[in-house]
Every structure is written in C-alpha cells, then in structure tokens.
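Using the sequences plus the hints, can you model the full thing?
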Amino acid sequence: MTDTNLALTLFQEKDLRLVETPIPEPQEGEVQLSVRSVGICGSDISYWQHGRIGKQVVTNPKIMGHEPSAVVSKLGPGVTRFKVGDRVAVEPLNPCGKCSLCKAGHYNVCVDLKYLSTPPTNGCLCRYFCHPASFVHRLPDDVSFDEGALVQPLAVALHACERGEITIGNYVFVAGAGPMGLMAVLVAKARGASKVCVSDVVQSRLDFIKTIGADETILVGMEEDPKVTSQRVIKTLGQEVHVAIECSGQQNAVSTAIYCTRPTGKVVLVGLGKDTVEVPLVSAILKQLDILGMVRFSN
1 MTDTNLALTL FQEKDLRLVE TPIPEPQEGE VQLSVRSVGI CGSDISYWQH GRIGKQVVTN
61 PKIMGHEPSA VVSKLGPGVT RFKVGDRVAV EPLNPCGKCS LCKAGHYNVC VDLKYLSTPP
121 TNGCLCRYFC HPASFVHRLP DDVSFDEGAL VQPLAVALHA CERGEITIGN YVFVAGAGPM
181 GLMAVLVAKA RGASKVCVSD VVQSRLDFIK TIGADETILV GMEEDPKVTS QRVIKTLGQE
241 VHVAIECSGQ QNAVSTAIYC TRPTGKVVLV GLGKDTVEVP LVSAILKQLD ILGMVRFSN
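So in UniProt numbering, spot 118 of the sequence shown is number 118, and the numbers just go up one at a time.
Keep in mind the hints are simulated off the structure, nothing from the lab. Among the hints, a few may not be true.
As the list claims (entries may be wrong) - Taking lysine-lysine pairs in the DSBU-like style, the calculated list, with each CA pair at most 35 Å apart, reads:
id, residue 1, residue 2
1, 83, 14
2, 195, 83
3, 235, 287
4, 14, 103
5, 103, 83
Stated by the list, open to error - Simulated restraints, written as ranges between beta carbons of each label pair:
id, residue 1, residue 2, range
6, 212, 169, 19 to 25 Å
7, 49, 78, 51 to 57 Å
8, 85, 276, 45 to 51 Å
9, 276, 207, 40 to 46 Å
10, 80, 140, 19 to 25 Å
Think of the CB as a built atom: it goes at the ideal place given N, C-alpha and C, for glycine as much as any other residue.
This is the structure we're talking about:
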C-alpha cells in the first residue's frame, strides 16, 4: 500500500491538477478502496470544459471520476460482506435511505443523494477513496478491472432499456453512438430487440457501433430536419420503432425520436442537453407516446 493519494482534481473550468490528498479512513459501514480502473464519462468532460452541468457548479476543488473498479484495501467498523483483497465494482452514489423515494426503491432520485464527482462530493480518480459497503459489488474472477469500470455506464443503459420496456421483437432507434449509445445497443439486443438503428453525426462512431451489434446506422447532418431524419429511420427499418432511446441530448435528436416512434410507443430521454428544448409535443400527444425521463440507475 502506497502512503500517498494522488488525485485528479478540478479547481475550476479547464483547471485540472494532480494533487496529493490524505488517504481516507473508512467509517462505520464503509470500505476503503484501492482504485484499479476508472472510466471517463461525458460529464467529466463537461465539468472540465465548462465547470458545471446544469445546476451542478464547481465552486471548490473536487476530485473527478465516478466509474471505478477497485480492490478492497480496508474494512470499516461493521462491514462483514467483504474481505481485504476483494475485487469490486462500485455504485457511485450514497442515498439517504430514509426519504419516501429511497423507501420505494428509487434511491437514484433521493432528495439528499450524494454522487461521486458531483459537487460538492469528491470522485474516485485517485489512488484511494472510501464508499458505503452496501453500494460495492464483487466482480466475478473472469471480469477484468477495465470491464468492471464499465459496469456503471452499463447500468445506466440497462435502466434506460428497462424504462422503455424493450422486449423480444421490438424495433429500436438509438440517437447517439457515443458510450451510452453503445451500451444501449448491447442491452437492447440482449433483451431481444429484432432491429436496432443508430444515428450519429460522426461516421467513425457509426462504423464502430455496427461491429458491436447495431443492425443499421444513419449518418445525420448537423442541421438536418428531424422530420427528414425520422423518415430515413423508418425507411431503413421498414417501419416505425417501438422504442427510441435518446442518448445525445440534442434537440433535433429528441424530435427525431418522437417522429419515428410508432403510436403508443416509448421515447426514453437519456442524454443531457440544454435546460429547455423545442420538441413536437403535439405529435407525441396524438400518437399517445410515453416520453420517459431517466437518471442513472437503481436496483
């Protein structure tokens, strides 16, 4: 065990530094974790570039990162589920466990939720951090640390597909071929989707997503009319989709998702864009669509 705790710390917009911080000691119900791998999320990039995401603003230095895999390095008082040396993935949150939402199982929208690397909570791009043992999970021996770091974004995609109730035989549209789009394709296919069509503005992303399971891809122009894009999706698949998963947060992509979804279908909003966007609400109403928000994951 090293006696230093080097941490990637964001001080303000575009001001990232490697800083030595104290090695934390686990409190009651916590484990100390020795970090092995951490994924870089789009939110990490946004915090670095803009110093904020929506209402979450960096006002004090914070350690980055929320997609870790690790090894248990010390047990806090009362922890019996783990032993030192266990390989683990981490749910990077700490809900209150007492509010009505937590008691209903919706701890991802807890009124007093603490989430790694979301101000003012520090993240895990460091050598050691402590976390509640109840939100730490053992990794199977055949899952690598890098794969373990992908459990968090995979859980987000799983939550999105569960919200959309994707099932056998569904036709699915995924807007955005970034990491969340990739995960959404994998989960949709695993749940039995017959066809998955993915759109993006970058051809190389579409080329890659085709190799991991997307049936069809569509390169979209930056200023392309969503009605045109939706017709391209429908023509490519031969029908409207049962479920659309919007992973980009872009206004045009949200509109495309609404336009290409069949009556009584579902549109799941995953991507975070501007606070306010203009979308074809009448189209959604007349088609009796379910427009579903989702955040992170639970259970």
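So, going through the hints one by one against the coordinates:
| no. | hint | verdict |
| --- | --- | --- |
| 1 | 83 - 14 | 39 Å, violated |
| 2 | 195 - 83 | 44 Å, violated |
| 3 | 235 - 287 | 19 Å, holds |
| 4 | 14 - 103 | 39 Å, violated |
| 5 | 103 - 83 | 28 Å, holds |
| 6 | 212 - 169: 19 to 25 Å | 21 Å, holds |
| 7 | 49 - 78: 51 to 57 Å | 41 Å, violated |
| 8 | 85 - 276: 45 to 51 Å | 49 Å, holds |
| 9 | 276 - 207: 40 to 46 Å | 34 Å, violated |
| 10 | 80 - 140: 19 to 25 Å | 21 Å, holds |
When each numbered hint is compared with the structure, violations occur for hints 1, 2, 4, 7, 9.
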